[in-house]
Amino acid sequence: MFRIIMTTSRIAVLCNNRMAIPALQALSAQGRLCALGVPEENTDVIDFCLMLSKQSSIPLLIIKKESLSSQLEELMNKTNAEFIFTMTFPWKIPMEVLNKHPGKFYNFHYGLLPEMRGADPVFESIRSEAKETGITVHTIENKIDKGAIILKKILPLSIKMTHGVLCTNLSWLGANLLSELLILLKNNSKGTQQDEDNAKYFAKPAAADVCISWQRFDAQTIEALSRACNPWNKGAYTQWNGWNIRVVEATVINETSHQSDIPGTILSLDEDNGLIVKCNNETQLRLDIIYTDEGFMSGHKLFAFGMKKGSRFVNL
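Okay, so the sequence shown: first residue is 1 according to UniProt numbering, each after it adds one.
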């Protein structure tokens with residue numbers, strides 16, 4: 001019979017990204033948060049963690065990769081943490097630490113496992129136009145994202161979501177699942193093993209992953225890529241006349257292009273119609289907002305730099 005235990009768990013969190021903040025706030029408000037660990041030179045959450053550490057009188061460890069094992073032992077010895085959660089933590093927990101402390105370490109993966117393993121499932125979920133994403137909490141093993149699944153929560157993926165908007169939605173989902181997760185952990189849930197037949201691993205996005213190929217991509221694919229790159233990369237890369245331009249926001253235009261137009265060709269460039277580009281498979285895309293070194297601007301304003309109807313973007 002399933003038995004609910006209501007004792008308060010002491011939780012330490014290792015984090016590296018703003019997606020952890022709502023969960024940290026929730027754990028602190030419940031009196032469960034007993035320690036924080038942040039990688040050295042972190043610029044994303046360090047200010048928040050410093051403030052939370054002072055407000056809650058809990059230790060904050062600035063962790064160095066080369067001393068990760070010893071610092072984790074120090075953390076556990078000083079805080080008596082029952083569980084340690086990692087949230088976008090960039091380094092693997094050493095095997096000797098996992099073997100010494102079984103059942104203590106759990107990772108919040110901001111994507112669905114085993115289908116979306118890797119460093120940035122948010123990017124890949126949007127780029128691939130997935131219908132849903134979510135958070136998977138799993139036991140930490142020596143191999144990345146391969147531990148047993150303790151809890152999985154699904155989030156429908158709107159076609160309007162940018163990388164930044166989805167990160168915010170997932171961060172609140174992470175906070176909301178804590179109560180259910182802690183009940184499972186207190187009752188020694190072993191979770192469910194991942195199905196390796198469905199497993200896919202995606203590396204951290206490289207330069208080639210954020211570049212537009214007008215020749216190969218249709219308008220919908222490019223629009224999804226621009227959202228997947230917004231705001232962290234300030235859009236998806238393209239080039240014109242040796243000039244780097246990033247597409248921040250775009251809209252698919254449901255009109256038929258002339259067959260003779262080569263993908264990447266500018267079909268329109270004026271204030272009324274905007275900057276419209278021919279894409280693969282006879283599709284069109286309006287570049288609503290672009291970014292250059294000169295700043296963010298409406299796409300049609302590129303006419304001031306010499307772009308005109310009939311100009312062509314480079315196929316990267």
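Hints were generated in silico from the structure; no laboratory data involved. Please note: incorrect hints may appear among the correct ones.
[Stated by the list, open to error] Quick list of the computed label-pair ranges, beta carbon to beta carbon:
hint: 1; residue 1: 295; residue 2: 92; range: 17 to 27 Å
hint: 2; residue 1: 201; residue 2: 254; range: 29 to 39 Å
hint: 3; residue 1: 30; residue 2: 303; range: 47 to 57 Å
hint: 4; residue 1: 241; residue 2: 206; range: 19 to 29 Å
hint: 5; residue 1: 201; residue 2: 234; range: 42 to 52 Å
hint: 6; residue 1: 251; residue 2: 148; range: 22 to 32 Å
hint: 7; residue 1: 311; residue 2: 25; range: 43 to 53 Å
hint: 8; residue 1: 8; residue 2: 77; range: 35 to 45 Å
hint: 9; residue 1: 8; residue 2: 298; range: 49 to 59 Å
hint: 10; residue 1: 204; residue 2: 295; range: 47 to 57 Å
hint: 11; residue 1: 67; residue 2: 201; range: 21 to 31 Å
hint: 12; residue 1: 301; residue 2: 25; range: 34 to 44 Å
Here a beta-carbon is modelled for each residue, glycine too, at the ideal position from N, C-alpha and C.
To see whether the hints hold, each was checked on the structure:
The beta-carbon spacing between residue 295 and residue 92, approximately 40 Å, falls outside the hinted interval of 17 to 27 Å. Roughly 36 Å separates the CB atoms of residue 201 and residue 254, a value that falls within the hinted 29 to 39 Å. Range check, residue 30 to residue 303: Cβ separation about 56 Å, and the 47 to 57 Å hint holds. Against the hinted window of 19 to 29 Å, the Cβ-Cβ separation of residue 241 and residue 206 comes to about 25 Å, which satisfies the hint.
The supplied range of 42 to 52 Å is broken by residue 201 and residue 234, whose beta-carbon atoms lie about 26 Å from each other. Judged by the Cβ atoms, the range 22 to 32 Å given for residue 251 and residue 148 is violated: they are separated by roughly 43 Å. At roughly 49 Å, the beta carbons of residue 311 and residue 25 sit within the given window of 43 to 53 Å. Restraint check, residue 8 to residue 77: a C-beta distance of roughly 20 Å breaks the suggested window 35 to 45 Å.
At roughly 53 Å, the beta-carbon separation of residue 8 and residue 298 lies within the given 49 to 59 Å, and the hint holds. Between residue 204 and residue 295 the beta carbons are some 27 Å apart, a value that contradicts the proposed interval 47 to 57 Å. For the pair residue 67 and residue 201, the beta carbons lie near 28 Å from each other, so the given range of 21 to 31 Å is met. Taking the beta carbon of each, residue 301 and residue 25 are about 41 Å apart, inside 34 to 44 Å as hinted.
Hint violations for this structure: numbers 1, 5, 6, 8, 10, all remaining hints satisfied.
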